[in-house]
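Enquirer: The primary structure of each chain is shown beneath.
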Amino acid sequence: MSSNDLSLPAPGRDLRLLFGIALAAAACLAPFLLGNYALHALIIALIFLLPAHGLNLLVGYTGLLSLAQAAFFGIGAYTSALMAVRFGTPFYLNFVAAGLLAGAIALPLGIPALRLRATSFVMCTLGFVIIGQAIAKNWISLTRGDMGLSGIPKPYFALGPASFTVSGTASFYYLVLVIAAMATVAVLLIVRSAAGRNMIAIRENETLAESVGIPTWRYKLVVFMISAAFAGLGGSVYAHYLTVVSPLTFQMYYSTTMLIIVLGGGAGTISGVVFGSLLFVGLSEALRIAPEVRMIAYGLCLLALVFWFPKGFAPLIDRFWSFLKERK
Amino acid sequence: MLTMIAEQIVNGIVSGSVYAIVAVGMTMIFGVLRAINFAHGEYYMLGTFGAWFAIEYLELPYPVALVIGVIATAVIAVVVGKFVMQRIVGAPPETGVLATLGIALVLQNTVILMFGGGYKFFSGGYIEPVSIFGFTLAEQRVLIIIVCILVFVGLEVIVTYSRIGKAMRAVSQNIECCAVVGIDVPQVALRTFILGACLAALSGVLTAPVNVSVYGGMGEIITFKTLPVIIMGGLGNVRGTFFAAMILGIAESLVATYVGLQFRDTVGFATLMLVLMWRPHGLFSMQARF
Numbered sequence: 001m002s003s004n005d006l007s008l009p010a011p012g013r014d015l016r017l018l019f020g021i022a023l024a025a026a027a028c029l030a031p032f033l034l035g036n037y038a039l040h041a042l043i044i045a046l047i048f049l050l051p052a053h054g055l056n057l058l059v060g061y062t063g064l065l066s067l068a069q070a071a072f073f074g075i076g077a078y079t080s081a082l083m084a085v086r087f088g089t090p091f092y093l094n095f096v097a098a099g100l101l102a103g104a105i106a107l108p109l110g111i112p113a114l115r116l117r118a119t120s121f122v123m124c125t126l127g128f129v130i131i132g133q134a135i136a137k138n139w140i141s142l143t144r145g146d147m148g149l150s151g152i153p154k155p156y157f158a159l160g161p162a163s164f165t166v167s168g169t170a171s172f173y174y175l176v177l178v179i180a181a182m183a184t185v186a187v188l189l190i191v192r193s194a195a196g197r198n199m200i201a202i203r204e205n206e207t208l209a210e211s212v213g214i215p216t217w218r219y220k221l222v223v224f225m226i227s228a229a230f231a232g233l234g235g236s237v238y239a240h241y242l243t244v245v246s247p248l249t250f251q252m253y254y255s256t257t258m259l260i261i262v263l264g265g266g267a268g269t270i271s272g273v274v275f276g277s278l279l280f281v282g283l284s285e286a287l288r289i290a291p292e293v294r295m296i297a298y299g300l301c302l303l304a305l306v307f308w309f310p311k312g313f314a315p316l317i318d319r320f321w322s323f324l325k326e327r328k
Numbered sequence: 001m002l003t004m005i006a007e008q009i010v011n012g013i014v015s016g017s018v019y020a021i022v023a024v025g026m027t028m029i030f031g032v033l034r035a036i037n038f039a040h041g042e043y044y045m046l047g048t049f050g051a052w053f054a055i056e057y058l059e060l061p062y063p064v065a066l067v068i069g070v071i072a073t074a075v076i077a078v079v080v081g082k083f084v085m086q087r088i089v090g091a092p093p094e095t096g097v098l099a100t101l102g103i104a105l106v107l108q109n110t111v112i113l114m115f116g117g118g119y120k121f122f123s124g125g126y127i128e129p130v131s132i133f134g135f136t137l138a139e140q141r142v143l144i145i146i147v148c149i150l151v152f153v154g155l156e157v158i159v160t161y162s163r164i165g166k167a168m169r170a171v172s173q174n175i176e177c178c179a180v181v182g183i184d185v186p187q188v189a190l191r192t193f194i195l196g197a198c199l200a201a202l203s204g205v206l207t208a209p210v211n212v213s214v215y216g217g218m219g220e221i222i223t224f225k226t227l228p229v230i231i232m233g234g235l236g237n238v239r240g241t242f243f244a245a246m247i248l249g250i251a252e253s254l255v256a257t258y259v260g261l262q263f264r265d266t267v268g269f270a271t272l273m274l275v276l277m278w279r280p281h282g283l284f285s286m287q288a289r290f
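These protein sequences, in sequence, are chains Y and D.
Mapping the first sequence onto the numbering used here, position 143 (from 1) lands on 143, and the numbers just tick up by one.
Mapping the second sequence onto the numbering used here, position 145 (from 1) lands on 145, and the numbers just tick up by one.
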């Protein structure tokens with residue numbers, strides 16, 4: 001940042017509030033402005049925002065590169081799907097259970113994994129995804145194996161006597177929008193708190209953080225669990241949106257997509273991750289017509305991103321933000 | 001019973017040899033670039049496709065196709081190395097992960113776009129059975145074991161005695177000091193990368209007659225199988241990689257026979273996690289270097 005505090009107060013009004021209102025209005029009006037397919041892409045982007053927020057806490061704030069998100073995403077999806085199909089429980093129960101279970105499973109996995117150093121940790125987290133997929137494929141009595149679980153009901157709420165079902169694309173969009181907004185606020189609160197600053201301290205220098213009394217081991221473990229819980233929540237919404245889950249929910253491709261959202265958008269920034277999920281998931285859904293070309297374009301985008309925008313889009317967003325603030 | 005176990009172990013040694021040849025390239029690339037090459041299996045796939053193309057379209061015999069497969073991969077590796085891998089030297093670890101993932105996507109889908117995503121039949125190689133020490137094996141499998149031994153002896157000699165081998169070891173120890181004493185680090189990185197890619201391609205062409213089918217997505221599985229091998233062997237450790245690959249190959253073949261074929265592909269990562277809990281630096285490294 002430049003020495004803004006020395007310069008004279010800039011002419012013109014602070015446009016940040018106005019921009020925020022415009023963005024919120026656009027988000028609320030999206031179903032009326034967009035076609036069905038674009039709305040679908042937007043829903044997927046918002047669903048992926050949840051695991052991406054979790055991963056951002058891990059990669060961007062605590063400095064642990066992980067590929068495990070798809071495993072917890074899958075656990076969340078299966079938990080939610082099984083509860084809905086077997087017991088017919090309402091959506092909010094499945095949703096909370098998916099998050100809690102994913103977070104709880106992260107504890108026994110995190111204890112051995114977090115003892116490892118950088119590269120080994122990455123490989124170990126990749127292993128969770130591969131083993132998760134194998135379990136989903138082979139525990140046939142529970143998961144029906146490769147056939148997957150189908151007929152997962154659309155989100156249905158029951159509070160006392162009143163109950164309603166979220167069925168259309170537009171109403172599903174509003175549901176996801178609310179969930180994504182709540183998740184964003186939650187992450188913002190975590191990051192702004194003292195715990196968030198401790199996480200950044202661990203990212204910058206773990207030994208130093210330890211020496212000033214931050215319990216680094218406990219922090220890393222808790223952040224790993226929180227990030228898994230976010231992934232589980234995302235998986236739950238995903239299962240209810242697509243109404244089917246299969247072992248392919250545990251795929252490496254999802255982990256890399258989430259990693260790309262975080263690193264491409266800007267690790268360690270909230271706005272960057274939101275922007276990244278809209279850009280990368282939206283873009284890749286839009287290119288779905290030609291799958292091979294889509295993947296090639298995706299790969300080339302990755303390379304361009306790595307070498308031309310090594311910090312992701314965060315610097316651009318920063319500049320835009322200060323432009324709104326100062327308007328010089 | 002005992003002969004059956006022995007047979008499975010021999011089979012395991014064959015697949016272990018395949019993994020070893022691929023993994024040793026990956027581990028050497030890691031040593032020099034400090035980057036996990038997530039695209040490494042794709043060079044295995046490219047080599048196989050090169051050879052398949054030579055046999056199917058140019059109607060060349062298998063040995064010539066083998067050379068063509070490896071050379072085609074080398075050419076692609078030069079391009080990728082020049083434009084991407086050289087830039088990874090000294091970059092943060094995320095850069096390596098994302099860049100190589102990007103390359104994997106591009107290579108794999110370009111091949112699928114050109115040749116279609118379906119399975120192709122690989123005709124060629126030496127599939128006549130021979131009998132050695134009471135075991136009946138396809139000639140190709142014997143060839144794989146022999147080539148694997150030759151590759152490792154050759155690499156041991158190169159890494160220990162040749163100029164480029166010494167430079168590789170030096171770069172894997174300390175990049176700044178190498179630059180100070182005048183070692184051309186990007187050049188060493190490029191050559192290591194091309195060598196690694198060619199070894200992967202060689203392994204691919206050697207395995208193709210055994211696996212029979214060739215398809216665009218085959219590289220990904222190989223990448224996922226070699227990743228645990230290089231970690232278990234200790235990153236950058238050539239000898240460790242050899243033994244880790246053999247352990248994985250034998251474990252896989254025993255699990256496939258006695259536990260169930262569907263669990264074969266998880267053996268690698270399951271073993272890796274157990275090993276890492278017990279020895280966080282891998283089986284064959286005294287201390288963590290990376």
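Derived by calculation from the structure, the hints in this document are not laboratory data.
Check before you lean on any hint, since a few could be wrong.
Stated by the list, open to error - Covered stretches of chain D (in silico footprint by chain Y; criterion: 3 or more residues with CB under 8 Å from a CB of chain Y, positions within the stretch not fixed):
| # | stretch |
| --- | --- |
| 1 | 95-106 |
| 2 | 110-124 |
| 3 | 272-280 |
What the hints assert, rightly or not - Beyond 12 Å from chain D on every Cβ pair, some chain Y residues (computed):
| # | residue |
| --- | --- |
| 4 | A201 |
| 5 | L279 |
| 6 | G282 |
Claimed, not checked - Example chain Y residues on the side facing chain D (calculated, C-beta under 7 Å, incomplete):
| # | residue |
| --- | --- |
| 7 | I130 |
| 8 | L283 |
| 9 | S284 |
| 10 | M295 |
| 11 | Y298 |
Think of the CB as a built atom: it goes at the ideal place given N, C-alpha and C, for glycine as much as any other residue.
Enquirer: Which earlier hints can't be squared with this structure?
Expert: Of the numbered hints, 8 and 9 do not hold.
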